[in-house]
Each structure stands twice: as C-alpha cells, then as structure tokens.
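Could you build all of it, start to finish, from the sequences and the hints given here?
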Amino acid sequence: MPRADGRHGHATSVRHATLRHLSHRPTMTTLPSPQRGALFALIGTILIWAYSWVVMKQVLAYAGPFHFAALRYLLGAGVLFVALLLSRQSLRPPPLLPTLMIGLCQTAAFQGLEQWALMDGGAGHVALLAYTMPFWAVFLAWLVLGDRPTARHWVGVALAAIGLVCIIEPWHALGSALSTTLAIAGGAAWAAGTVLSKRMFQRHAPSVLNLTAWQMLLGGMALGVLALVTPERAIEWSGAFIAGLAYSVLLASSLAWWLWSIVLQRLPTTVASVSSLGVPIVSVMLAWLILHERPSVMEWVGIVLVLLGLLTISGVGRRRAVR
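Mapping of the sequence shown onto the working numbering: position 236 corresponds to residue 236, and the numbering continues sequentially without gaps.
One should not assume that every hint holds.
Stated by the list, open to error - Simulated restraints, written as ranges between beta carbons of each label pair:
#1 225 / 43: 34 to 42 angstroms
#2 178 / 290: 24 to 32 angstroms
#3 232 / 288: 44 to 52 angstroms
Treat the hints as calculated values from the structure; they're not laboratory data. Think of the CB as a built atom: it goes at the ideal place given N, C-alpha and C, for glycine as much as any other residue.
Pasting the structure below:
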C-alpha cells in the first residue's frame with residue numbers, strides 16, 4: 001500500500017507539473033513583451049499603409065511621382081532625426097554599406113518603381129502587385145539568411161499566394177504591361193530590403209529608429225537625384241497635395257517604416273513578410289466602406305484564403321489545440 005500511495009503521489013505531481021507546463025505555453029495573450037509589441041506594430045503598419053495607397057494615387061494629380069517620392073522620404077527622414085534628438089539617441093550611422101543597400105532597395109527602388117507604376121495603374125491593383133513582396137522575401141530569406149521555411153510555413157505561403165491571385169484576378173486586365181512590371185519589380189526590391197534589414201539586425205543590432213532614419217535619408221537622396229534628372233510637371237502646392245504629403249511624411253513614412261523595422265527586428269522574416277498581406281486586405285475593405293467598391297465573390301474567396309494562410313503561418317490554431 002505505501003508503494004501504491006507513492007506511485008499515486010508521483011503520478012499526481014507529474015500531472016500537476018505537466019499542467020503547469022502547458023499553462024505556460026505561449027499563446028496570443030501570453031506572448032513575450034517584444035513579440036506582443038511587434039504584433040501591435042504590425043497592426044499599426046497595416047492600417048497606415050492600407051490607406052496610404054489611396055493617398056499616393058491622389059497626390060499624383062498635383063506632382064510627378066519622383067518629386068513626390070523624394071519629398072516624402074527626405075522630409076520623413078528629417079522627422080526621424082528629430083525623434084532621435086528628442087529621445088537622446090545616437091546620430092551615428094549604422095554600418096554604411098549595408099545601410100545604403102537597404103535604403104536603395106527599400107526606399108529608392110521600391111517607392112520609385114511603385115510611384116511610377118501608379119502613373120498608369122490603379123491604386124488598388126498596383127498595391128496588390130506590390131504585395132508579391134512576401135513571396136520574394138520567403139525565398140530570399142532562405143538563400144541569404146538560411147531562414148528555411150517549415151512545412152507549416154509552406155502551407156501558409158501557398159494559401160496566401162492562391163488568395164492573392166484570387167484578389168488580383170490576373171485573368172482580367174491589370175492595366176498596362178509597364179505598370180504591372182514596375183509594380184512587381186518594386187515588390188521584389190522591397191523584399192530585398194526586408195531581408196537586408198533582417199541581416200543588419202542580426203549582425204550589428206542597430207537601434208531601430210537610427211537604422212530607419214539613415215536608410216530613409218540615403219534612399220531619399222537617391223530619389224532626389226532621380227527627381228532632378230527626370231523631367232516632370234511642376235508641383236502644385238494645393239491644400240489637397242499638402243494634406244496628402246503630410247499624411248505620407250508623418251504616418252506612412254516616418255511612423256509606419258519605424259514600426260515595420262520593429263516587426264522585422266522581432267519576428268522571423270517569413271512571418272513578418274507574409275503578415276504584411278494584411279495591407280491589401282484592409283485596402284479592399286476600406287474601398288468597400290469609403291468608396292462603396294463592393295468586393296467580388298473572388299475577392300472574398302481571396303481574403304479568406306489569405307487570412308487562413310496568415311493563421312497557418314502564425315500557428316495560432318496549433319497553439320490553441322495544444323492548450
């Protein structure tokens with residue numbers, strides 16, 4: 001009998017220890033603070049960028065694409081440097097060559113190509129084509145960072161890819177071939193900048209605000225040179241243009257790119273990049289609510305598939321099953 005009681009007591013203690021272990025497994029509500037912060041940063045980025053595509057299309061009625069992009073990012077960099085001063089952080093630049101490469105890919109090439117694509121393409125379709133970025137990023141992260149996707153990641157990527165195709169509906173006209181090519185090339189450039197940023201955080205651990213400010217300044221300078229050598233219409237400094245520029249500088253550039261850098265610093269590249277597909281989904285919903293552009297059946301199918309892909313990659317359902 002004493003031995004049976006001992007076995008019973010041992011089994012009880014093991015069961016209690018197991019329950020304690022399971023109760024402390026990470027869930028969406030018990031994520032470590034850095035990951036929780038990255039989640040909030042990602043939500044903020046998605047909401048800001050979703051509306052910014054409409055703003056970018058509207059301001060092109062008052063300025064050329066390269067002049068606007070240069071103004072947006074040079075002024076945005078200025079805002080970030082003021083933030084560095086106010087927060088008493090170092091103004092010393094991160095390692096120059098990788099910072100320059102990030103600025104050229106993520107700011108100059110991505111924004112220059114997308115602004116150019118908007119000249120002939122609609123804001124919605126250009127935004128959707130730009131968000132082929134996550135699929136480029138998954139493969140680049142595998143090649144450059146050795147960030148090999150798991151089987152669960154591949155399933156999520158496949159679901160999201162099919163969903164994006166349903167939303168884009170490439171069997172319908174996407175605008176000019178030039179606009180389509182520019183938008184996809186811009187997405188590839190952004191993917192390269194995303195992977196380079198992740199490698200920078202891994203190797204040099206710079207301040208998020210410092211890296212964002214310097215890469216934006218260098219990329220903005222490249223856009224400024226492009227604007228100077230490209231003939232464009234004179235800027236019409238109307239109230240609508242100034243309002244659009246203010247939104248783009250303060251929110252879509254300064255704040256959102258800083259938030260995006262936080263996301264890249266704290267989350268795996270595959271999770272961060274594919275999660276950005278929330279932007280075109282929110283864009284479709286905003287167009288429905290604000291512009292009364294009701295989503296088609298295929299768009300609804302695409303939205304559901306993208307959301308399933310995001311849930312698969314994040315492992316939310318898997319964590320709940322474990323609980």
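Evaluated hints:
no.	hint	result
1	225 / 43: 34 to 42 angstroms	35 angstroms, holds
2	178 / 290: 24 to 32 angstroms	29 angstroms, holds
3	232 / 288: 44 to 52 angstroms	33 angstroms, violated
In this structure, the one hint that does not hold is number 3.
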